[in-house]
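J.: Here's the letter readout for the chains.
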Amino acid sequence: MSDAADVILKMENITKVYPNGIIANKGVDFSITAGEIHGLVGENGAGKTTLMQILFGLNHPEKGRILLEGKEITIGNPNAAIAFGIGMVHQHFMLVPSLSVAENLVMGVEPRKGVVLNLPEAVRITRELSEKYNLKVDPQAAVRDLPVGTKQKVEILKALHRGARILILDEPTAVLTPQETDELFDELKLLKDEGNTIIFISHKLNEIKSLCDRVTIMRAGKNQGVFNVSDVSEQDISRLMVGRDVILQVEKGPAEPKETILKVNDLTIVNRFRKNAVDDISFSVRKGEILGIAGVEGNGQRELVEALTGLGKYAEGDIGITGKDIKKLSIRGIRDLGTSHIPEDRMTYGCAADLSIEMNLIAYKHDHPDLNKNLLMDMNAIKDISDDLVEEYRILCSSPQQEVRRLSGGNIQKVVVAREFSSDPKLIIADQPTRGIDVGATEFIRKRLVTLRDDGSAVLLVSADLNEVMELSDSLIVMYGGKITAYIENASSITEEKLGLYMLGLESQGDDEIGRVCHD
Amino acid sequence: MTKSQRLFEIYRTGLVILIALLLSLVIILLVSDVPGEAMKLFLTGPLDSLRHFGNVLEMMVPLLFTGLAISVMFSASQFNLGAEGAFFFGAIGAAFIAVNWNLPPVIHPMVAILWGGIIGSVFCGIPGFLKIKWGSSELVSSLMFNYIAYFFGLYLINYFLRDVNAGAMVSYPFAESAKLIRIIPKTRVHFGLIIAALAVVFTAVFLHRTRWGYRIIVIGRNIRFAKYAGINTDRAILLSQVLGGFIAGAGGSIEVLGLYRRFTWQLLPGYGWTGIIVAILARNNPIYIPVAAFFLAYMRIGADIMSRSTDMPNEFVAIIQGLIIILIAASSFLAKQRHKMVVKEAML
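Those protein sequence lines, which keep their order, are chains A and B.
Heads up: the first sequence is residues 2 to 521, going by the working numbering.
Heads up: the second sequence is residues 6 to 353, going by the working numbering.
Isolated chain A, as found in the complex:
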């Protein structure tokens, strides 16, 4: 559909298999034309990032070839990619936090005075680039002090400074507030007008519609087709992406909150930089309701969850679960009160990836009398409950004896969720429960959370995904800078824009309004 002469870059028949046996790309063809913004969409685990990592030299395909302006090239490493004019902005920023913006920008291609860095020149370069592309940054600010949106600008400038003509952005909006996203889109359109080509990875279809010229859709490691964005609807894209119609709307009736399960009073947590990561907050969660915590990551949510689950300490204040003070309790003690925890990082805390699904599923109850016969573990009983959970939670695996490492992200998360949800929890702390997993698993987990709520669990939902936190929660609190900036009693009553203002700390409710989150 596009004239062959316009094609700037072409990937043919790319196949990539990871060491754990997962096929990330299977015979993928991908091409982009000069001067377009090309969307690359697909569920988590569909192989978008892998394909782009191959293009940037971070991964090497088993099969296939890459053509740049008609010539076959080999991209051995990121330096080679940069030499070909390909730049990438990663999901996780690759910046040195303690250095200034200018120093980060020129790193590796520093202007020198003798043997030392010519800092004034670096600052000048930064300012010039910043003005040229209308990406406003302060060259002398330390990167660690910058908000996420600005860090992203530094990353983009860094790629441009290295001569990138083709810019790959890997889910750039995942960490941004609605306001920051709008700003980014304006900047990207400007870059396109300057003649740059942009590959924009996302799974948010409204963003694809408003930003991209063309879109490539991937599913399960395969290319499902390339379209002009104006020719397809969001529904069309989503159907190709998931392979069926999806209703991401979770159906749930109104909450019927009962007694308070979790009570947090004047909690303050000091982090290792001696800053108040959580600053004198109070709230409560009742049986039969889902309280969401919205907020940009790094505003105290992690520390709060660590304190609630016993993984971290807290300096001042009280946390009570089912009326018991947890300050002196071990992690086990807190779990025994009926607390379940879906950790934000499933590979670090959520599983032992080298062990089998079975061994992961029984982690919390491995010493339960049901699973032990005198001194020995009852392997038959373990097998039975594992088989049941694998079936009930539809964990896709060859057998419950399979290593967790060999599962896809969504299925690993289902292992975590199956373990945590199956212990009759009174309180569920769900920290980013659907991060980085496919739509099917996401839908499944969200529905389960609602079911558990209806069955009488209290749910505290922490999520950086605005859609998730708005749709799933009954009530919401917003955290910014370790404080609660807003309490929204009816989560469906607020707009994304308004929520964005609270998340950025630009607006804050009064103490009285926030105080209503403490019931009884």
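No lab work stands behind these hints, which were simulated from the structure alone.
Think of the CB as a built atom: it goes at the ideal place given N, C-alpha and C, for glycine as much as any other residue.
Mixed in with the good hints, there may be bad ones.
Claimed, not checked - If you anchor each label on the Cβ, the simulated ranges turn out as follows:
1) A/Thr-269 <-> B/Asp-239: 25 to 35 Å
2) A/Tyr-19 <-> B/Ile-324: 36 to 46 Å
3) A/Lys-205 <-> B/Lys-349: 34 to 44 Å
4) A/Asp-425 <-> B/Arg-214: 23 to 33 Å
5) A/Asp-425 <-> B/Leu-23: 52 to 62 Å
6) B/Gly-327 <-> A/Glu-129: 55 to 65 Å
7) A/Met-348 <-> B/Trp-278: 28 to 38 Å
8) A/Lys-114 <-> B/Lys-349: 51 to 61 Å
9) B/Ser-82 <-> A/Val-97: 27 to 37 Å
Said to hold, decoys possible - Stretch by stretch, here's where chain A covers chain B in the computed footprint (C-beta under 8 Å, at least three residues):
10) 216-222
11) 345-351
Go by the hints and put chain B onto chain A.
T.: Quick look at chain B alone, frame taken from chain A:
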């Protein structure tokens, strides 16, 4: 692990051993004036008489114990190298009881072995305790502790057990009732081999079929996950070190009661170090420990026999052992083939 992965690991280990053996033959070819004779003795010497094969089994016993001890400690991802000291110190403890106490036959060695085991437990437990209490590296402290074991042990022998009428620094003779019986006539193979076999079964069951073993293995694979799941990681780490120390200490006791009439060691015997190779070869899995221990014992006895009748020194075994460790630890050895296998399986 899937079946093909497990087969691949066995193939990889086999290839490592083959390479090591081929290299040893090359060394013999280069160094020896009678390479044909030397090779023959090295490879088949242990099989040429019952006595020689008995030597292999005798050599296996201490390696089984130290290999098991280390696989238990390493299973918790604690690189405690104290098995050497625990083995030595446990042996001294057992010697004390064998010399000084008067007990009926079967009871006497049992008490001595238990006591040696307890001493080994304390010895390996201390680095574990220092680790969980103050986060000090168990690798460094256990390594240093081996010297303490050695010199303190010599002091104890010298001042409390030394037979002044004997020509060398050796203990008084053990009571007859304390010695382990021989189980194969015309060899020195003693009852310790049977205890070792029981220890293999016990350790395998303990690690893979009990809740305590489960905790140790989970900690070894991902300690953060273990904590998150509510496992008391400090307690389980300590348990693994204490149990490993016990096995090593009991192994030392069994070694002296089975093979010697007095305590005669003037140097650390080195079985703790060889035990590390055993554990690495067996991938810390107790079930494979006998295979690994047999292989190393066979090689050592082969080298011994060879060195007695030819010009080849038996120290060259150390070169082979070193090569085995390097190749097995090198994760990139055969990594390409492994990846090809993964790709092939995935594309099916």
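J.: State the violated hints by number, sorted upward, taking the hints as numbered earlier in the document.
T.: Hints that this structure does not satisfy do not exist here, as all of them hold.
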